[in-house]
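First to last, the sequence lines map onto chains C and D.
My numbering puts the first residue of the first sequence at 54, with every later residue one more than the last.
My numbering puts the first residue of the second sequence at 54, with every later residue one more than the last.
Rather than coming from a laboratory, the hints here were simulated on the basis of the structure.
There could be a bad hint or two in this list.
Any copy, or any two copies together, can satisfy a pair, since identical chains are not distinguished.
Stated by the list, open to error - Calculated cross-link-like contacts (lysine to aspartate or glutamate; reagent style DMTMM-like; alpha-carbon spacing at most 25 Å): (1) LYS184 <-> GLU137; (2) LYS66 <-> GLU154; (3) LYS193 <-> ASP168; (4) LYS119 <-> GLU154; (5) LYS126 <-> GLU172; (6) LYS55 <-> ASP160; (7) LYS55 <-> GLU172; (8) LYS66 <-> ASP93; (9) LYS126 <-> GLU112; (10) LYS184 <-> GLU154; (11) LYS120 <-> GLU172; (12) LYS66 <-> ASP85.
Number of protein chains: 2
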Amino acid sequence: MKRFVIAVYVENKYGVLTRVAGMFMRKGFNIDSLTVGETDNPEYSRITITLNGDDYAGEQLINQLKKLHNVKKVKCLENDNTVERELMLIKVSNSSETRSEIMDAADIYRAKVIDYTTETICIEITGEPAKINAFIDVMKPLGIVEICRTGVVALERGGNILGK
Amino acid sequence: MKRFVIAVYVENKYGVLTRVAGMFMRKGFNIDSLTVGETDNPEYSRITITLNGDDYAGEQLINQLKKLHNVKKVKCLENDNTVERELMLIKVSNSSETRSEIMDAADIYRAKVIDYTTETICIEITGEPAKINAFIDVMKPLGIVEICRTGVVALERGGNILGK
């Protein structure tokens, strides 16, 4: 099993996301995350997909994506030449027994407290997915109330670009 | 026109995202962003959708979402009681004329340089969508190479939760 990070440049039209998502369903690809956001050109969006699978699955996914209408460019980003980030908001219970442990962990992970009430503490954290998962593991025994994570965005290092 | 932030709690099954995206296409909703991520329970994912429209469009969207298979909970988050965040990776050209302006702006926006080569500078920035858009406007004349943004994630302040 290998981890793939795939960047897709699409025209910003109704139905593109449905076609992409529909293709995953029909083909049974087990994707880990999907993000979609506008680029600096509002006519185009960039989709980032992460998936675990063998080489055959990765190649299949890329070939299927290339066939879809409004998909302009598809590229598999190389792990060792790519920066990946994810954002998570996590809300945990606020109690006198756990508060200092929550604050210390947030500090160590360079996470930010963005809401604080007598009931709950809401923390914003960014990093590679492994860091986000590790922070969830630290928070679990302290009482997670809610989690909202974005999924992965990724850019190649240096001058390599997906192109338009 | 009003801005809606809608949180959707779904079972983590093949096809959920397709059904959600397909419904938008059929109904012609003009969504601004969509993120989907696992929760602390791997059987459930949380989708966050932002959309501009009138009250009727917002109500329609919520009612349609509630009807979909595997959708467990739908909630419209109130703007003044919600924390929203987005993450963007942005790669700009590195030249001696623009470098100090890029670095100063990154500093002011509390953004982080996460890759630096002779050709390009890659910056990670988080914040509300308006802050992200403002940073793009600052970088535009300095030479944007690539952008990858996650779309919005949102949690209600304090003890209010979407529920499971």
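To see whether the hints hold, each was checked on the structure:
Proximity of LYS184 and GLU137 under a CA criterion of 25 Å is satisfied in both settings, with 11 Å inside one chain copy and 21 Å between copies. In this assembly of identical chains, LYS66 and GLU154 lie within 25 Å of each other by CA distance neither inside one copy nor across copies; the values are 46 Å within and 35 Å between. In this assembly of identical chains, the alpha carbons of LYS193 and ASP168 lie at most 25 Å apart only when taken from the same copy (19 Å versus 32 Å across copies). In this homomeric assembly, LYS119 and GLU154 never come within 25 Å of each other (Cα to Cα): the closest approach is 48 Å inside a single copy and 38 Å across copies.
In this assembly of identical chains, the alpha carbons of LYS126 and GLU172 lie at most 25 Å apart only when taken from different copies (22 Å versus 47 Å within one copy). Proximity of LYS55 and ASP160 under a CA criterion of 25 Å is satisfied in neither setting, with 32 Å inside one chain copy and 37 Å between copies. With identical chains, the CA atoms of LYS55 and GLU172 are never at most 25 Å apart, being 42 Å at best within one copy and 30 Å at best between copies. Taking identical chains as interchangeable, the C-alpha atoms of LYS66 and ASP93 lie at most 25 Å apart only when both belong to the same chain, with a minimum of 15 Å there against 33 Å between chains.
Taking the shortest Cα distances, LYS126 and GLU112 sit within 25 Å of each other inside one copy (14 Å), while across copies they are farther apart (36 Å). For the identical chains of this complex, LYS184 and GLU154 are intra-copy neighbours only, at 18 Å inside a copy versus 31 Å across copies, given an alpha-carbon limit of 25 Å. When the C-alpha separation of LYS120 and GLU172 is checked against a cutoff of 25 Å, the pair qualifies neither within a copy, at 50 Å, nor between copies, at 33 Å. Both within a single protomer and between protomers do LYS66 and ASP85 lie at most 25 Å apart by alpha-carbon distance, with minima of 24 Å and 12 Å respectively.
Of the numbered hints listed earlier, those contradicted by the structure are 2, 4, 6, 7 and 11.
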